[in-house]
Each structure stands twice: as structure tokens, then as C-alpha cells.
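Take the sequences, apply the hints, and build the full model.
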Amino acid sequence: MHIITREDQQQRERTALSEDAAFAEESEGRARSSDPDVLRTDYQRDRDKILHAKSFRRLSHKTQVFLASEGDHFRTRLTHTLEVAQIARTITRALGLNEDLTEAISLGHDLGHTPFGHTGEAALSAALARHKGIDPESPTAAALYRHNEQSVRVVERIENGGAGLNLTLEVRDGILNHTGNLRADTLEGRIVATADRIAYVNHDIDDAIRAGILREADLPEATHRVLGADHSARIETLVRDMVETSAAEGDIRMSEPVWDAMMELRAFLFANVYTASPVMAEVEKATHLIADLFDYYAAHIEEVPADYRAISEGDDLRAVTDYIAGMTDRYATSTYQRLFIPHALSY
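Numbering (UniProt numbering), first residue to last: 1 to 347.
Incorrect hints may appear among the rest.
Quick list of simulated restraints, FRET-style, between CB atoms [what the hints assert, rightly or not]: (1) H118 x E236: 24 to 32 Å; (2) P342 x A143: 36 to 44 Å; (3) I3 x D315: 45 to 53 Å; (4) A233 x N181: 38 to 46 Å; (5) G212 x I3: 48 to 56 Å; (6) L51 x T275: 29 to 37 Å; (7) E236 x I341: 25 to 33 Å; (8) A248 x R338: 51 to 59 Å; (9) A16 x E249: 19 to 27 Å; (10) K132 x A267: 42 to 50 Å; (11) Q86 x R266: 14 to 22 Å.
Bear in mind the hints are in silico, worked out from the structure with no lab data behind them.
Yeah, the Cβ is synthetic: ideal placement off N, Cα and C, and Gly gets one too.
Dropping the structure here:
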């Protein structure tokens, strides 16, 4: 039986992948040099580092949209991450690009997400703004905490007691540039950015239907016509269109009709799900919880774990932010109960 070494795999990349792929042996490298692995390429090694990170394990107890969901079938931040990885790998493989790089970026892209999803992100930004004397409603405030930037901080600074994971530049670039109008340097990173949208638009519809907020028939008829009549059909249409359009244009693209249909669904979710009464009731609770936790720890910095204080290098607000951002929903909730809800007297 023949052992497939790192060098063998790098040679296999040369023969099997497109010339546009990010080849592991051409990586820009890590912030700190390290000996190469015998069996794994650098991108495979990065994937494994992320999988074994504490911040990755905590994703299983961070919610996606439905903050107080009943039942075991609603998405968490971890299942979202795995769905992004699956979609991104399918697209990457079809285009002859580097699946290992795509998988590493996908698994790491949301490590900096707060408890309670984007609600927690907004609440942390507002809390930071208040403590810095900035209007919490201003654009400046919104920029104070961004989960993609925190994800990079997690892998560069917070994990391993301040040493970080020492990932390759290409993985860190993909993690940083997976959201909004940012653009990763690699094609693999750009795939993850779009796969992220494909995943959350579709699974948030699925979860909303499960929660009784939506019916499939409520979705815009035009999106059914372009993308398909159900969850499976939509994902298949989006993935195939992205593969075919990207192959034709030499960059990561969707055709205009399919992209517009996906963006119409996204807008529909903002109007009908993310701001629906059952969701907003939980959003208000989570926002209040995060704000109170932040105020408490900012006033009692000595109660923030020592490793977070050491990593922050004297910036107390940074230490509080890192600590709360790393909490799971249930840990944040239990901490709030311990700090703010008096226990009934026992007789």
C-alpha cells in the first residue's frame, strides 16, 4: 500500500486542478514559519486546525435566526457553517479549484459570530459605541464590531491562549472577505462568500416555514419561477447557475436573473421573517441581555477571564468584547441569570 504524502498531493493538485486554482504549494504562507506536515497540504492543515479549535465547537450552541426555537431541527451557527462548506465544495469541485482551501475558509468564516446571531453583533456594536461616547445609531457605531473581522481576530490572536491558529494568508483573506461587498483575493474565497448567501437565504426560509412564520406559497412568485418551487430546487438552480456562469466568465459569478431572484428572496426575508413579531420579541430580549452583560463586565473588568485581559493588552473594552463575543447563547443566558436574577430564598 502506497503512502500519499504532502508532496504527492501537491503534485496531484497540479495535474487535477484548473490553472486558476490556488495551489497549496504556492501559498503566501503563515505569519510564523512552521515545518510542513508530512501528509497534509497547508490548506488541509488549516482546515484541521479550525476543526479542533474551541471557537469552532462553540458554534453548535450559537443560534442562527430563531433565538428561542423549540425543536431540534432549527439551524445553529455550526449547521449553517457546514451547509456553507457543502455548497462551496460542490461549486469548487465543479470548477476545478482547490476544495481544501474552500473548506478551510468555510469552516472558519463565522468563528467570530456572537451569541444570538446578528442580533448579538448589533448589540455589541451598540454597547461599544455607548462606552466610547459614539451615537449607537450612527454608521460609525455599526463598524465597531463586525463578525468577519472578529473571525480573523479569533484565528490570529484569541485561539491557543493568544497564539492564534497561525493559518495561511489565503484562508485568513477568505474569512475576512466573505461578507458584504468585500472581495477575496482567491476564487475559492469568492465562492465561499456567495455560498454563504445561498445557504442562509435557503435555510432561513426552511426554518421560517418550520416555525410557522411562512408557507412556501408566500414566497414571491417570480422567485419560484426562476429558482424553483422548493428548497432543494432552489439550491440546485443557484449552484448550477453559479458553476456555469463562473466557468463562462472566468470569475465567480451568477447570471443576472438568478442573482436578482436570490436577492429578492433575501429582501423578502428581511421584510417578513427577520422582523416578524416572534423573532423581534426574542431580538429585544437578546439585545437587552448583551447590553447588560457588556455594562457589567466593563464595570467589573477583573471578572473577565485573565486570558482575555492578557490578549487585549490593556484595552478593557476589547477584553469585554472578546469575552462576550465568544459566549454561546446558553452560556450568555446562564451568566445573565447568575448576575442579574436573584435566586429565590430557600427555607
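Worksheet item: Lying within 24 to 32 Å: is that true of the beta-carbon distance H118 to E236?
Response: Once the Cβ atoms are compared, 27 Å apart, the range 24 to 32 Å for E236 and H118 holds.
Worksheet entry | Supplied distance hint 45 to 53 Å, evaluated on CB atoms of I3 and D315 | 48 Å Cβ-Cβ, so the 45 to 53 Å window holds.
Item to complete: For A233 and N181, compare the CB-CB distance with the range 38 to 46 Å and indicate the outcome.
Response: The hinted range 38 to 46 Å is violated for A233 and N181, with Cβ atoms some 28 Å apart.
Worksheet item: Do the Cβ positions of A16 and E249 conform to the proposed distance bound of 19 to 27 Å?
Response: holds (22 Å)
Discussion item. Verify the CB-CB distance for K132 and A267 against the hinted window 42 to 50 Å.
Written reply: violated (32 Å)
Discussion item. A range of 25 to 33 Å was offered for this pair. Does it hold for the Cβ distance of E236 and I341?
Written reply: violated (48 Å)
Practice prompt. Go ahead and decide if the range 36 to 44 Å is satisfied by the Cβ distance of P342 to A143.
Written response: holds (37 Å)
Discussion item. Against the range 29 to 37 Å, how does the distance between the Cβ atoms of L51 and T275 compare: consistent or not?
Written reply: Given range 29 to 37 Å: holds, Cβ gap about 35 Å.
Worksheet item: In this structure, is the beta-carbon distance linking A248 and R338 contained in 51 to 59 Å?
Response: 57 Å Cβ-Cβ, so the 51 to 59 Å window holds.
Discussion item. Given the hint of 14 to 22 Å, is the C-beta distance from Q86 to R266 inside that range or not?
Written reply: With a Cβ separation near 20 Å, Q86 and R266 satisfy 14 to 22 Å, so the hint holds.
Item to complete: Indicate whether the distance between the beta carbons of G212 and I3 respects the range 48 to 56 Å.
Response: holds (54 Å)
Going through the hint list in order, the structure does not satisfy hints 4, 7 and 10.
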